[in-house]
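J.: Residues per chain are reported as follows:
2 protein chains.
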Amino acid sequence: MDKIKPRTLSGFMELLPEKQAKMEKMMDILRKTYSLYGFSALDTPIIEASEILLAKGGGETEKQIYRFSKGDSDLSLRFDLTVPLAKYVALNYGQLAFPFRRYQIGKVFRGERAQRGRFREFYQADIDIIGDGELDIMNEAEIPSIIYSTFTKLGLKKFKIRVNNRKILNGFFQISGISDKAEAVMRTIDKLEKIGASKCKELIAEEGIPAKTADEIMDFITTPGRSTEKLEALKKYEGRNELFDTGLSELRTVVTYLPEFGVPEENFEIDLTIARGLDYYTGTVYETILTDYPEIGSVCSGGRYDDLAGYYTDKKLPGVGISIGLTRLFYVLDEQGLLSDEIITAPADVLIIPMTEDFSKAVETATLFRENGIRTMLYSENKKFKSKVSYADKIGVPFTVFIGEDEIGRGLIKIKDMQSGEQFSEKPEEAARRVREAVILKNKKPVICG
Amino acid sequence: MDKIKPRTLSGFMELLPEKQAKMEKMMDILRKTYSLYGFSALDTPIIEASEILLAKGGGETEKQIYRFSKGDSDLSLRFDLTVPLAKYVALNYGQLAFPFRRYQIGKVFRGERAQRGRFREFYQADIDIIGDGELDIMNEAEIPSIIYSTFTKLGLKKFKIRVNNRKILNGFFQISGISDKAEAVMRTIDKLEKIGASKCKELIAEEGIPAKTADEIMDFITTPGRSTEKLEALKKYEGRNELFDTGLSELRTVVTYLPEFGVPEENFEIDLTIARGLDYYTGTVYETILTDYPEIGSVCSGGRYDDLAGYYTDKKLPGVGISIGLTRLFYVLDEQGLLSDEIITAPADVLIIPMTEDFSKAVETATLFRENGIRTMLYSENKKFKSKVSYADKIGVPFTVFIGEDEIGRGLIKIKDMQSGEQFSEKPEEAARRVREAVILKNKKPVICG
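Going down the list, the sequences are from chains A and B.
Position 349 of the first sequence, counting from 1, maps to 348 under numbering that gives the first Met the number 0, and the rest follow consecutively.
Position 2 of the second sequence, counting from 1, maps to 1 under numbering that gives the first Met the number 0, and the rest follow consecutively.
Some hints could be false.
Said to hold, decoys possible - In the DSBU-like style, the derived pairs of lysine-lysine whose C-alpha atoms are separated by at most 30 Å in a straight line are:
{"#": "1", "chain 1": "A", "residue 1": "Lys-444", "chain 2": "A", "residue 2": "Lys-387"}
{"#": "2", "chain 1": "B", "residue 1": "Lys-385", "chain 2": "A", "residue 2": "Lys-315"}
{"#": "3", "chain 1": "B", "residue 1": "Lys-31", "chain 2": "A", "residue 2": "Lys-426"}
I should point out that these hints are in silico values taken from the structure, not numbers from a laboratory.
Small disclaimer: the values here were computed from a predicted structure and weren't measured.
Construct the complete structure from the given sequences, taking the supplied hints into account.
T.: Spelled out as structure tokens, the structure:
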């Protein structure tokens, strides 16, 4: 028979088992952490009617979307998790309790040009809090705590949550009388870190903004100091513009509750250059940077918006949300060598190798181990002893159990710690305890070493 | 602005948060149980090249598949998890350790005609054990234990794992001299339970099979007794056909190890009518029936096959696997009222309602609770007391915490058990302990009550 060459499409992540084990661990941590903050799991379809997904329409989205017909239906694959959420909330409005907190970790699809580290099918991990008509600023204040918990539990230490407030930005532009040029200016100041202050000022001036105003803008966005010092410095603009004042008060609330939310000062900063696009966000905006790898860009971003589902409903549904591009994050962590090799990625914690023809004792031991929550694999292939041991090495299992006539006669099993090489002949219950303790310790190790 | 009516396509499951919580719990149990048996998680792309997915081609698959073009690429959505596994193993052959055990829980897509309870996008939960050239019968013997653990942990009690061996069936057909009519006969005996013995015999006779042979077939497939008695009765066919003898010996092995694998007799039976299709399976085959709901059909099926990836590679890759149609299972369990209402489906275990303007103490308490692993939601909307309490009722949260001036002054919090109505003023640490204990108890309750 002619063979078809097996291949996986480029731009589609497909991991070997050891790497997948790390990805699974990351997803598990995300699910658990989001749950700790009262978010419900949601699972919307991957296929939606095109008219639903393209309600906003235009731009890159329409070009990148996977769209096709089946029978009479015009269908598309979701390209993010926000549009499906908007549809879901509009559709189920009467059956949801607001504020509605949901998380969704799911694949989205974008037919981008193939590039290294760019994926066409990738996981997003989103959380959103949706209010009915209004939503208190405390929800925005809680987000840094969620980001901090998530990354800390993943094992990251050196990261910074950067926060700004769009009302402050827009209010300041109104004060400076350049609201009509806000778009161009925001695009420029967003690049401050990359291009430096003098180039930034030059570009602002090129927009036809007077030198004095350009100076003021530069002064404003480079306000120095810690969060509390920045808040203090921003007071000088207070009382001149209502929007600005509201934004400053909101930002103050966010900063005020950081200690009670358990967010250390060194993992947080006010960054007045962050805008995160033009139309959507209206209040607090968030970015998260790996301190040692700023070139990666933000690994967790989002913000406050006022109108989640305006395309589908008249209800005013404000919200705040953040998103992690999980597939890309995994890819860059792996590339930078930041995925830990200390966690167990073997398919099992124990491999049981029977040394007798009758497998009864081996099976009994496997069942006992599994009842004790130990991931146990039974090796039952009819191979030479050397092949069996080499299988244990290949899968990287932490413990191997040998069950021979001798042990069975004495009511014992022989267990080998594959890392230390130590061997023990002991009762199955004792061996189970030994493995459990070792596994619990290993499983406490974080998946990211950064 | 004109609104687009929000809708979800028919044939696509989208659950409200409380139901989704039950689905998540089921998925979590599947992941954990499969892991206990040494299966690695795998995650293959949803989109594959059409030539890969349609390597086998023809039949219903080709009609139902979601196939489309993007640029120059001819793409399709996976319609099962087996073809992607075959591709994966053929592609990564050199980097995998065999036997290779993997589980995958993922969505698959089939553009079937819309029918009640039929889904076009649905989860399959598959496990497979793939051997390199050969695979010991013990792997087949282990499968009933995995099915038993899975359904028991989900909370099901009344289910039966039915097992047959294709070598016994095919061997018996050879003995009876009707191998050329095996296909039609198998299709008929597969219906025995539905149509009854006399109708079954009639249909067999209609295939042009002599009455005496039809009698023998009926005798064979209705062999009475428990597993061990059936094995005993089947001895009378032994020694006449090699294939039959191998099958009987394999079936004996499967039955022999059931006690050590922890599978009770009442959850297992040999059913000589089970064939599970014509071409694919070559050894042990499995079905799982909910005893009180036989009309649902098998909720977990599979078997042993000899050639996983023949379309992609010359390597002989035999295997054994089972699959749960998770979305359909969830749907029928829900329809039959078998999903438990006793487990926590609220987005949080505790809702904290601050009664003061300063939220510091409330936030501090939320952080403490979360550090104790308690899923905690902070209610910070500026509403009347009544609305706040009604929110707690709506989300069905087990505990509510009120933090007012009075409690803050005494270093206490007021916690209310929403089910019993009891209230306690106590230290936050004590309240956390109370909640943890209650939640651990509740979380031990099974998701299915059957």
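J.: Confirm or reject each hint.
T.: Okay, the hints, checked on the actual structure:
no., hint, result
1, A:Lys-444 with A:Lys-387, "holds, 29 Å"
2, B:Lys-385 with A:Lys-315, "holds, 23 Å"
3, B:Lys-31 with A:Lys-426, "holds, 26 Å"
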